[in-house]
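Peer 1: Chain residues, written in single-letter form:
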Amino acid sequence: MRVNFTVNGVEQTADDVWEGESLLYVLRERVGLPGSKNACEQGECGSCTVYLDGTPVCACLVAAGQAEGREVRTVEGLADGERLDPIQEAFVECGAVQCGFCTPGLLVQAHDLIERVPEPSDPEIREALAGNLCRCTGYEKILDAVRLAAARKAEAGR
Amino acid sequence: MEFLRPTSWGEALAAKADAPGAVPIAGGTDVMVELNFDKHRPEALLDLNRVGELATWSEEEDGRLRVGAAVPYARIIGELGGRLPGLAMAARTVGSPQIRNRGTVGGNLGAASPAGDSHPPLLAADAEIEVESAARGTRMIPAGEFYTGVKRSALAPDELIRAFHVRPAEGPQQFSKIGTRNAMVIAVCSFGLALHPSDQRIGTGIGSAAPTPRRAFEAEEYAAGELDWAGRSPLDERVARRFGELAARAAAPIDDVRGTAEYRLHALSVMARRTLTWAWKDYLNGGATACA
Ligand SMILES: Cc1cc2nc3c(=O)[nH]c(=O)nc-3n(C[C@H](O)[C@H](O)[C@H](O)COP(=O)(O)OP(=O)(O)OC[C@H]3O[C@@H](n4cnc5c(N)ncnc54)[C@H](O)[C@@H]3O)c2cc1C
Ligand code: FES
Ligand code: FES
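Taken in sequence, the protein lines are chains A and B. So for the first sequence, the working numbering puts the first residue at 1; every next one is plus one. So for the second sequence, the working numbering puts the first residue at 1001; every next one is plus one.
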């Protein structure tokens, strides 16, 4: 089947999509956006997190056909051209990236958190990231990065 | 394989009647896992995301809330947490934020896993499930009759779940779940409890400790009779303990990878005792549920 949807502001058409295929597969294999990672295909790891009509979801659990006519924003759509989003900058500065497999999903999920909750508490950060697994960093640097990005955002808003 | 995209409830029912083997998909958090791992290949997927009314809820004339099958957990928590505190507590324990953004109570009912977290609070609050088929119209199924076996329900192959109906809490409600961490766990076992002060009754729901979610009738009757509803005197610890024992007695757990039967029975008695203790404390402090 054919699926038409918008990804990072650009209209996309994917052809020959199998009816049981996931949005994650379509993004990675048909639209050429391999940023969203496939690490479990069962909703457990969060590395495939994307925005679907503004809500973070696991792309591996959305059927491709369910994305028809909808807006998807992936990790590739966070930066403004060459300028990284503040959450991306903070991840780099804090050393929150090691192998990087979990990073795209964490960036989208953390981006959503600081959009919704201007100055998140530590328990709020932990709760928001509870569905994103990282096997490398031990999470401390990731928490640092989210705190830093949130603080900068709050500062800029003052 | 086909991908069916009805845009109205009528179209969805017609599609299901034409292809009873079509698998409905709402949040996809159960269906897609099965597809990704090629556990089975249905003849068709029936996407319910375009049936707008399934993602809405309303207040009915009978005083109950009618909540569309495809309202995701995140919205149950955000929009109905105050009126359905037991269900909202359970919803907060489901998966992760991403799962709660997509997963629905209708999907939980459709999957009918004994471990589904919606079931204990729906049982405790006397919810009814509204199902419909093109051929036979609407049926209202009390939650207690909906679950018929492990991953089996009273839903017929040509039927779809439209909504559940439940009275807003008129007393404290609680939910308790055992798992290995706070997020992303299927319940080892769980327990839901609702006080119904106006008819001096208790509702319960046991999760993941029998082939189906079920109520603990004996425990309900025992506690309802022992509690001092009018005088609002504190809960006797012996009553709480006995309530826990009776709740565990209603279960029929098995040993599996998540826990042993013996552990589940013990955990259930503890959860039942604690939830009754918390709920009664809330009741003494003013009646409504403190934690929403
Ligand atoms: C990582 C992860 C963690 C999870 N954690 C939990 C947890 O903590 N607690 C828990 O209870 N569950 C958990 N689940 C399971 C799942 O999220 C829930 O069962 C959820 O409620 C399913 O809802 P859904 O809309 O995504 O269902 P779907 O996957 O869309 O559907 C599930 C089933 O219901 C049927 N169905 C859906 N809607 C209807 C309808 N309107 N009428 C008839 N049939 C219908 C489908 O055909 C399918 O059989 C988890 C899943 C994942 C992937
Ligand atoms: S790949 Fe989707 S959650 Fe792991
Ligand atoms: S950096 Fe390797 S999994 Fe997180």
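Hints are computed from structural coordinates only; laboratory data are not their basis. It cannot be assumed that every hint is accurate.
Said to hold, decoys possible - Some chain A residues judged to face chain B by a derived CB distance under 8 Å, without partners named: (1) L33; (2) P34; (3) G35; (4) A39; (5) E41; (6) V62; (7) G100; (8) G131; (9) C136; (10) G138.
Being a predicted model, the structure only gives us computed values, none of them experimental. Beta carbons: idealized from backbone N, C-alpha and C, even for Gly.
Peer 1: Would you mind marking each hint as holding or not holding in the structure?
Peer 2: Now the hints, each set against the structure:
no.: 1; hint: L33; result: 18 Å, violated
no.: 2; hint: P34; result: 17 Å, violated
no.: 3; hint: G35; result: 16 Å, violated
no.: 4; hint: A39; result: 12 Å, violated
no.: 5; hint: E41; result: 4 Å, holds
no.: 6; hint: V62; result: 6 Å, holds
no.: 7; hint: G100; result: 19 Å, violated
no.: 8; hint: G131; result: 2 Å, holds
no.: 9; hint: C136; result: 19 Å, violated
no.: 10; hint: G138; result: 16 Å, violated
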